[in-house]
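Asks: Each chain is listed here by its residues.
Protein chains: 2
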Amino acid sequence: MQEKYKGMRVFTPQDYTNLEQITDIWVKVAKRYGFLQYKTSILDPIEIYKDKTSEEILKEQTYSFKDRGGRDVVIRPEITPGLAKMMVGMGREIKYPYKVFSIGSVFRYETEQRGRKREHIQFNADIFGTKSLWSESEVINLAVETLIELGVKEKDIEIRLNDRDHMENIIEGSKEIKRKVFRLLDKRSKISKQELENELSIIDSNLSLNEIDKKLKTSPETIDSLKKAVTKGKVIYDSSIIRGFDYYTGIVFEIYVKGYERSIAGGGRYDNLIESYGGEKTSAVGFGMGDTSLLEMLPKTNQKKAIETVFLITEDVKYEQKALSLADNLRNKVNVSYLGTPKKVSDIYKRAENEGIEKVIVLSNNTIIRNIKTKKDKEVDIKDIQKSL
Amino acid sequence: MQEKYKGMRVFTPQDYTNLEQITDIWVKVAKRYGFLQYKTSILDPIEIYKDKTSEEILKEQTYSFKDRGGRDVVIRPEITPGLAKMMVGMGREIKYPYKVFSIGSVFRYETEQRGRKREHIQFNADIFGTKSLWSESEVINLAVETLIELGVKEKDIEIRLNDRDHMENIIEGSKEIKRKVFRLLDKRSKISKQELENELSIIDSNLSLNEIDKKLKTSPETIDSLKKAVTKGKVIYDSSIIRGFDYYTGIVFEIYVKGYERSIAGGGRYDNLIESYGGEKTSAVGFGMGDTSLLEMLPKTNQKKAIETVFLITEDVKYEQKALSLADNLRNKVNVSYLGTPKKVSDIYKRAENEGIEKVIVLSNNTIIRNIKTKKDKEVDIKDIQKSL
Chain A
9 MQEKYKGMRV FTPQDYTNLE QITDIWVKVA KRYGFLQYKT SILDPIEIYK DKTSEEILKE
69 QTYSFKDRGG RDVVIRPEIT PGLAKMMVGM GREIKYPYKV FSIGSVFRYE TEQRGRKREH
129 IQFNADIFGT KSLWSESEVI NLAVETLIEL GVKEKDIEIR LNDRDHMENI IEGSKEIKRK
189 VFRLLDKRSK ISKQELENEL SIIDSNLSLN EIDKKLKTSP ETIDSLKKAV TKGKVIYDSS
249 IIRGFDYYTG IVFEIYVKGY ERSIAGGGRY DNLIESYGGE KTSAVGFGMG DTSLLEMLPK
309 TNQKKAIETV FLITEDVKYE QKALSLADNL RNKVNVSYLG TPKKVSDIYK RAENEGIEKV
369 IVLSNNTIIR NIKTKKDKEV DIKDIQKSL
Chain B
9 MQEKYKGMRV FTPQDYTNLE QITDIWVKVA KRYGFLQYKT SILDPIEIYK DKTSEEILKE
69 QTYSFKDRGG RDVVIRPEIT PGLAKMMVGM GREIKYPYKV FSIGSVFRYE TEQRGRKREH
129 IQFNADIFGT KSLWSESEVI NLAVETLIEL GVKEKDIEIR LNDRDHMENI IEGSKEIKRK
189 VFRLLDKRSK ISKQELENEL SIIDSNLSLN EIDKKLKTSP ETIDSLKKAV TKGKVIYDSS
249 IIRGFDYYTG IVFEIYVKGY ERSIAGGGRY DNLIESYGGE KTSAVGFGMG DTSLLEMLPK
309 TNQKKAIETV FLITEDVKYE QKALSLADNL RNKVNVSYLG TPKKVSDIYK RAENEGIEKV
369 IVLSNNTIIR NIKTKKDKEV DIKDIQKSL
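Chains A and B, in that order, give the protein sequences.
For what it's worth, my numbering labels the leading residue of the first sequence as 9, then goes sequentially.
For what it's worth, my numbering labels the leading residue of the second sequence as 9, then goes sequentially.
Just so you know, the hints here were simulated from the structure itself, not pulled from any lab data.
A quick note: this is a predicted structure, and the numbers were derived from the prediction, not measured.
Be careful, since some hints might not be right.
Since the list gives no way to pick one copy over another, a pair counts as held whenever it fits inside one copy or between any two copies.
Under the rule of at most 25 Å between Cα atoms (straight-line distance), these lysine-lysine pairs were calculated in the DSS-like manner [claimed, not checked]:
| hint | residue 1 | residue 2 |
| --- | --- | --- |
| 1 | K12 | K74 |
| 2 | K14 | K74 |
| 3 | K381 | K266 |
| 4 | K341 | K161 |
| 5 | K240 | K330 |
| 6 | K39 | K395 |
| 7 | K39 | K330 |
| 8 | K289 | K352 |
| 9 | K14 | K67 |
Next up, chain A with everything else stripped away, as it sits in the complex (with noise of 0.2 Å):
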């Protein structure tokens, strides 16, 4: 029979101890930042993606399909149109500043490489209603802290950040002309000088890649600004960023751990998207997170923490009726996982090391509490077990 399908992410108890670590973060943090939480289905209809997230993405990295009543259906490859969606559907109900993040599994039918895969889960943050530069900061700050609470060191955290606008201005030509020498200067670490050089004289023969980059050498005042505004991690000015989307309008960022050669974050600024579906003009700047560079990244450790759960097992089958009692009695103040009656006690303490719990309670006709690191054993009353534990 086929293993899991290629590319998904399947966590075991033991992988999933990782993940939640992750998770439980990029919640705190963003709530500390304000930020309420929403979530978003996997399943969108096509229609919201087309000119909005990359063509590239669209026609060759999306998973996609009629349903049984002949809709166009995409498995969501990014966040952002979902929640966009959402918020015209919500209307007036909505008071801005609006700050929201979600957590969520994101698909892309990516060329494998390197182990890539084609799931990751995904932590977004976005504000919306203001044009003003504090909203980057904030953002930018919030996915800074999480990487920090991450125990990632702050001098090792570049933020690397560009302004569209900025180029926009530089380059010289028509909106689609502009759109076309973005998507190709995003491509600029993967091919080489000559073909930049040739593509861009395909778009336009009257643009110079060599113009264009003295032109970008100065840094724009918006990111001279938000170097003041960004109060962690390294920010500097990298005109190499572009961000593959088409609704990004200002500033794009991508954030990078020395030492670790993708970038662990990116985002930016969108201030068409809202309306683009329907909604009125709404200034908007957010960025995304995913799970699977964060896991490369992260050093593994192999640390067992104590887990604040106890087994409780019996000599006996005839016993188990009084563990059940015993159990329900316990979880009022601990985590018991009852394991009922093993054919060796000595099996269970083995496991008990290994899965670091501390203590085993053995039940026959008295009540033994087993401490695993010390390896002794404590006869106690069953009535007064509470306070042994």
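Starting from the structure of chain A, add chain B where the hints point.
Replies: Chain B only, in chain A's frame:
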């Protein structure tokens, strides 16, 4: 433009607080019972559902498609097959009894009636590796305890139990005949007695509904034992409980809450499933509980909980940089939602009241804390502000 995709669940921040209340309790109670969390993907190869899930679901109610690589893919209609595959992959890494739970979406293309949804967020909990009835007790107690934590009165909770094994002994004929009879009896509440008798005689002319029902009257021993072992809720024997899935082998159950007609949770024993995926024969018992019925059933509380977040605003853009530093500082202690420089400060007071926020800090050349309930302002020294919150 098309609204959100039919039947899918979109939770605005306000909706999400209701969902979060449920998922938080699921996690808390499952951990209290010593269950470990896992997470499988929502995309599965179609093979793992064949001959497992009910035929009706697989043929008529799945979202399924061919991916860009020609593979047949299903968006999971249930959690258990993916879990079984994960466990077969883990092999000897697993120590039994193995107690696990997960929370995630399942999707069924069902005919819409009474606003029935096509996506549900489901809680699953299972115990593997023991045939003993204590495992049925544990999963049922766990399910009931989540309901009690959610505010349902224990006396309103009814657990309806049946035993498929017992039924197999009662119905005479081949495995295939028994399977067909189970499917027929599962439809009992939807069709007339006459239709039931007709269809039964089509399956096998020797079968008599009256005789089956007579034999079904006496409750099997297993259920008498469980009546003692399940310590929470009211346990009754109900021979009409069948459960749609073909893979159940012993006890099956559904949980009902007085005043709400549909079942809130359902599950049972399935001792052959893991083996059917190529693993070793492994006893198993578990249940699923969806958010949709819970949200419908639970009383709507419109009480505004006081949120431990403060709003921070500035009276002029020139204080924004100062506000960001202050926010950064305060976030060591409280959640701070910075909302920039509003046109009218009173709008923010109104919003705070609506959203259950108790304090608003207004920053200009001095620092004011507004208490939303008492409508009183207090000027504080910015250096001492942490103490004043």
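Asks: Each of the hints needs a verdict: does it hold here or not?
Replies: Verification of the supplied hints:
In this assembly of identical chains, K12 and K74 lie within 25 Å of each other by CA distance both inside one copy and across copies; the values are 23 Å within and 15 Å between. Both within a single protomer and between protomers do K14 and K74 lie at most 25 Å apart by alpha-carbon distance, with minima of 21 Å and 13 Å respectively. With identical chains, the CA atoms of K381 and K266 are never at most 25 Å apart, being 38 Å at best within one copy and 48 Å at best between copies. With identical chains, the CA atoms of K341 and K161 are at most 25 Å apart between copies only, with a shortest distance of 21 Å across copies and 37 Å within one.
Taking the shortest alpha-carbon separations for K240 and K330, only the inter-copy value of 15 Å comes in at or below 25 Å, while the best intra-copy value is 56 Å. Proximity of K39 to K395 under the C-alpha cut-off of 25 Å is restricted to the inter-copy arrangement: shortest distance 21 Å between copies versus 36 Å within a copy. With identical chains, the CA atoms of K39 and K330 are at most 25 Å apart between copies only, with a shortest distance of 21 Å across copies and 43 Å within one. Taking the shortest Cα distances, K289 and K352 sit within 25 Å of each other only across copies (20 Å), while inside one copy they are farther apart (68 Å).
With identical chains, the CA atoms of K14 and K67 are at most 25 Å apart both within one copy (19 Å) and between copies (23 Å).
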